[in-house]
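Taken in sequence, the protein lines are chains A and B. If you count by our numbering, then the first sequence holds residues 1 to 425, one letter each, in order. If you count by our numbering, then the second sequence holds residues 1 to 425, one letter each, in order.
Calculated from the structure, these hints are not laboratory results. Possibly wrong hints are sitting among the right ones.
It does not matter which identical chain is used: a pair holds within one copy or between any two.
Once the Cα atoms are required to be at most 25 Å apart in a straight line, the calculated DMTMM-like pairs of lysine to aspartate or glutamate come out as [what the hints assert, rightly or not]:
1) Lys143 to Asp172
2) Lys42 to Glu74
3) Lys42 to Glu101
4) Lys135 to Glu223
5) Lys275 to Glu13
6) Lys135 to Glu219
7) Lys405 to Asp352
Protein chains: 2
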Amino acid sequence: MAGTGSRDRALRERAQAVIPGGMYGHQSVGLLPDDYPQFFEKGEGAHLWDVDGRRYLDFMCAYGPNLFGYAHPEIDAAFVRQLGQGDTLTGPTALMVQLAEALTGMVSHADWAIFCKNGTDATSMALTVARAHTKRRVVVRAKGAYHGAAPWCTPRPAGVIDTDRAHQIFYDYNDVGSLEAAVAQAGDDLACIFAAPFKHDAFVDQAEPDPAYARRARELCDERGALLVVDEVRAGFRLSRDCSWSRIGVQPDLSTWGKCVANGHPISVLLGSDKARAAAASVYVTGSFWYQAAPMAAALETLRLVRETDYLERMTALGERLRQGLAERAAAAGFGFRQTGPATMPLFLFDDDPDLRRGFCFSSEMLARGVYVHPWHNMFLCAAMTEADIDAALDAAEDAFAALKRQAGALPPVEKLAFLTAGAH
Amino acid sequence: MAGTGSRDRALRERAQAVIPGGMYGHQSVGLLPDDYPQFFEKGEGAHLWDVDGRRYLDFMCAYGPNLFGYAHPEIDAAFVRQLGQGDTLTGPTALMVQLAEALTGMVSHADWAIFCKNGTDATSMALTVARAHTKRRVVVRAKGAYHGAAPWCTPRPAGVIDTDRAHQIFYDYNDVGSLEAAVAQAGDDLACIFAAPFKHDAFVDQAEPDPAYARRARELCDERGALLVVDEVRAGFRLSRDCSWSRIGVQPDLSTWGKCVANGHPISVLLGSDKARAAAASVYVTGSFWYQAAPMAAALETLRLVRETDYLERMTALGERLRQGLAERAAAAGFGFRQTGPATMPLFLFDDDPDLRRGFCFSSEMLARGVYVHPWHNMFLCAAMTEADIDAALDAAEDAFAALKRQAGALPPVEKLAFLTAGAH
Numbered sequence: 001m002a003g004t005g006s007r008d009r010a011l012r013e014r015a016q017a018v019i020p021g022g023m024y025g026h027q028s029v030g031l032l033p034d035d036y037p038q039f040f041e042k043g044e045g046a047h048l049w050d051v052d053g054r055r056y057l058d059f060m061c062a063y064g065p066n067l068f069g070y071a072h073p074e075i076d077a078a079f080v081r082q083l084g085q086g087d088t089l090t091g092p093t094a095l096m097v098q099l100a101e102a103l104t105g106m107v108s109h110a111d112w113a114i115f116c117k118n119g120t121d122a123t124s125m126a127l128t129v130a131r132a133h134t135k136r137r138v139v140v141r142a143k144g145a146y147h148g149a150a151p152w153c154t155p156r157p158a159g160v161i162d163t164d165r166a167h168q169i170f171y172d173y174n175d176v177g178s179l180e181a182a183v184a185q186a187g188d189d190l191a192c193i194f195a196a197p198f199k200h201d202a203f204v205d206q207a208e209p210d211p212a213y214a215r216r217a218r219e220l221c222d223e224r225g226a227l228l229v230v231d232e233v234r235a236g237f238r239l240s241r242d243c244s245w246s247r248i249g250v251q252p253d254l255s256t257w258g259k260c261v262a263n264g265h266p267i268s269v270l271l272g273s274d275k276a277r278a279a280a281a282s283v284y285v286t287g288s289f290w291y292q293a294a295p296m297a298a299a300l301e302t303l304r305l306v307r308e309t310d311y312l313e314r315m316t317a318l319g320e321r322l323r324q325g326l327a328e329r330a331a332a333a334g335f336g337f338r339q340t341g342p343a344t345m346p347l348f349l350f351d352d353d354p355d356l357r358r359g360f361c362f363s364s365e366m367l368a369r370g371v372y373v374h375p376w377h378n379m380f381l382c383a384a385m386t387e388a389d390i391d392a393a394l395d396a397a398e399d400a401f402a403a404l405k406r407q408a409g410a411l412p413p414v415e416k417l418a419f420l421t422a423g424a425h
Numbered sequence: 001m002a003g004t005g006s007r008d009r010a011l012r013e014r015a016q017a018v019i020p021g022g023m024y025g026h027q028s029v030g031l032l033p034d035d036y037p038q039f040f041e042k043g044e045g046a047h048l049w050d051v052d053g054r055r056y057l058d059f060m061c062a063y064g065p066n067l068f069g070y071a072h073p074e075i076d077a078a079f080v081r082q083l084g085q086g087d088t089l090t091g092p093t094a095l096m097v098q099l100a101e102a103l104t105g106m107v108s109h110a111d112w113a114i115f116c117k118n119g120t121d122a123t124s125m126a127l128t129v130a131r132a133h134t135k136r137r138v139v140v141r142a143k144g145a146y147h148g149a150a151p152w153c154t155p156r157p158a159g160v161i162d163t164d165r166a167h168q169i170f171y172d173y174n175d176v177g178s179l180e181a182a183v184a185q186a187g188d189d190l191a192c193i194f195a196a197p198f199k200h201d202a203f204v205d206q207a208e209p210d211p212a213y214a215r216r217a218r219e220l221c222d223e224r225g226a227l228l229v230v231d232e233v234r235a236g237f238r239l240s241r242d243c244s245w246s247r248i249g250v251q252p253d254l255s256t257w258g259k260c261v262a263n264g265h266p267i268s269v270l271l272g273s274d275k276a277r278a279a280a281a282s283v284y285v286t287g288s289f290w291y292q293a294a295p296m297a298a299a300l301e302t303l304r305l306v307r308e309t310d311y312l313e314r315m316t317a318l319g320e321r322l323r324q325g326l327a328e329r330a331a332a333a334g335f336g337f338r339q340t341g342p343a344t345m346p347l348f349l350f351d352d353d354p355d356l357r358r359g360f361c362f363s364s365e366m367l368a369r370g371v372y373v374h375p376w377h378n379m380f381l382c383a384a385m386t387e388a389d390i391d392a393a394l395d396a397a398e399d400a401f402a403a404l405k406r407q408a409g410a411l412p413p414v415e416k417l418a419f420l421t422a423g424a425h
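Using the sequences and the hints, build the whole thing.
Spelled out as structure tokens, the structure:
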């Protein structure tokens with residue numbers, strides 16, 4: 001933790017005592033460079049402050065939820081107004097109906113909504129609804145794709161048992177042949193096909209969806225009477241104001257949403273078409289806080305901004321400005337630097353960098369210059385970013401590439417990522 | 001919906017279009033009397049207002065979360081302060097460490113904490129941690145006990161498949177012989193025993209835990225190297241300021257918390273002892289909003305009130321006042337009226353009432369008099385209630401028993417609860 005400040009170090013020591021391993025889940029910095037801070041103090045707009053007072057332009061956006069800026073005045077005001085009126089009550093408020101109407105009005109395939117808290121709630125419910133609808137068991141899903149952290153899908157299988165993962169068959173994203181083979185293997189037991197809006201796996205290049213693959217997934221579901229699930233939890237409203245596969249003309253039966261639906265307030269959603277309505281009504285799903293009104297008020301305000309502002313066009317333009325600027329600077333410095341995925345959710349990987357030592361060095365150099373980037377997970381732009389922010393990030397990158405160039409020949413191995421290369425030799 | 005007002009009726013119609021079945025989960029009024037409102041407008045202290053402006057003394061307390069009163073000034077102020085500072089960020093704040101320290105300082109068996117959103121997150125994680133710790137599969141749990149709504153435990157199995165429920169063996173709560181038989185059947189594959197703090201199943205009398213049963217559960221886990229899990233999600237801090245089995249001298253390895261930890265703000269917790277720490281650090285669990293700071297600020301303030309006020313003694317005294325007053329009034333009216341479970345979480349059932357027609361009639365008569373009670377689920381007192389509230393409820397009950405007496409001979413069957421008696425003849 002060489003570079004981290006003293007408050008962060010002190011908190012990590014205290015956390016070691018009362019949190020298993022010191023931190024858990026996707027916000028653990030266990031697999032990030034040692035100088036990345038674990039604990040934060042404040043968020044405002046596109047910026048974050050760590051507990052040692054250092055300010056960052058934040059390209060992680062809370063791993064997605066921050067779409068319009070941290071502590072957004074209108075969204076948080078809507079939340080706080082509703083909090084004073086009624087939040088977690090003995091039943092829902094009218095906001096639940098209004099929010100379901102708003103979402104089904106925006107997302108083409110959707111006729112109904114079920115609200116929950118975690119993205120994993122929505123994906124797990126999608127699977128249960130598909131099984132109820134088809135009376136079949138098998139889910140066909142892409143190898144390496146993240147659909148949550150329940151035992152059926154968590155990426156690290158400690159504590160997961162054989163039966164938790166039963167009735168799953170995997171395909172390679174964008175590979176029609178492998179999708180067809182998986183579906184054939186499922187035979188007459190196919191309940192659903194899961195797909196991410198684009199390939200956004202960790203540690204590898206991202207990929208846009210091939211329309212032929214998306215269309216074939218739709219056809220196979222129709223031929224087999226199975227349901228197509230598009231998991232928008234990570235990408236929702238950063239590609240489209242609708243389900244993102246609308247852009248390639250493919251409508252799922254179910255889509256799962258979370259993260260940015262209420263700009264950081266906790267709510268996730270399963271949306272479905274009429275075909276799956278009876279099955280959705282038959283499953284028993286619930287949670288202590290699923291009927292909470294204040295996050296629904298925040299979601300209604302967030303969706304209003306999604307519909308009524310040019311946030312998506314601005315964010316996309318900023319992402320393209322970033323991409324082009326980085327490409328120029330990487331090339332000038334002589335690095336093979338791959339930027340993949342949509343402009344609003346980029347991933348950076350260096351060529352010839354199997355254990356990410358270049359990525360780690362570059363990320364640390366960016367961090368030292370006040371720009372928080374991620375060396376192996378897709379990043380997120382937000383609508384609170386400005387051209388000046390992007391230009392500041394590009395200035396930082398120019399210096400970071402130069403610093404990397406000075407160190408590139410002598411970078412130490414990244415021991416915490418040794419698993420990436422362990423099978424390679 | 002004879003008794004419901006016009007705004008409620010209109011919202012139900014709109015909900016039918018955009019929410020499967022019109023509503024889902026435990027806050028659906030589908031299995032409540034027809035005059036119960038589905039939608040609420042406001043909560044304040046111990047009272048609720050429905051969307052038609054009717055005010056109720058609320059004995060459901062949001063099904064648990066409302067411990068200190070709706071819209072509690074200090075708790076919500078702590079939340080809002082933190083919201084302005086930073087809530088869902090790219091990493092946690094210092095509050096996560098503080099909250100883990102506060103909980104492990106209060107709950108005797110606990111050495112560490114993992115925070116999540118749903119009660120089901122905590123119970124499912126407990127199972128995963130137990131399986132990781134033991135490298136075994138079987139969970140032994142009480143028949144009819146509610147531990148959440150994931151496929152492994154949801155009470156209504158639509159969409160649930162065979163493998164979701166594999167490796168589970170059931171016992172009868174408080175029955176040492178049946179517990180021993182279940183453990184014997186698990187053989188060398190026992191991962192954990194789950195227990196509720198007391199028997200709080202729906203539709204049947206509640207029961208306090210028999211200390212002999214609790215001690216035997218502990219012994220069996222120790223003999224077999226399995227983990228004991230006490231599921232405090234529903235009962236936490238309404239029986240004790242510690243894990244509730246501390247009162248009978250039994251410490252679990254894991255305990256699950258939710259509902260009232262932040263007085264309605266969304267947070268749940270898995271607490272564990274050192275024995276399970278390595279296993280807990282090995283599992284991959286996470287959620288988009290699990291690191292949210294504002295609910296942690298609310299939780300810290302809630303726990304301060306738990307520690308520093310006499311809320312528990314006051315709430316218990318109010319519950320006893322209610323119980324005694326109802327017993328007197330029921331007896332005077334000539335009804336066999338069973339009040340079971342702890343005074344702070346009562347359940348009412350009438351004798352000779354297999355399809356709950358008396359319970360439905362009594363509940364409706366209470367509702368008409370401004371008191372929201374539940375005919376088949378345990379209720380919850382909160383610390384915002386006063387002796388005057390309880391006395392008002394008792395006055396309502398005197399009238400409600402009289403009204404029930406007038407109607408008792410001619411009550412219609414409760415068709416929506418026909419399943420309760422379908423197997424009885």
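| message | If you test the structure against every hint from before, which numbers come out violated? | response | Violated: none.
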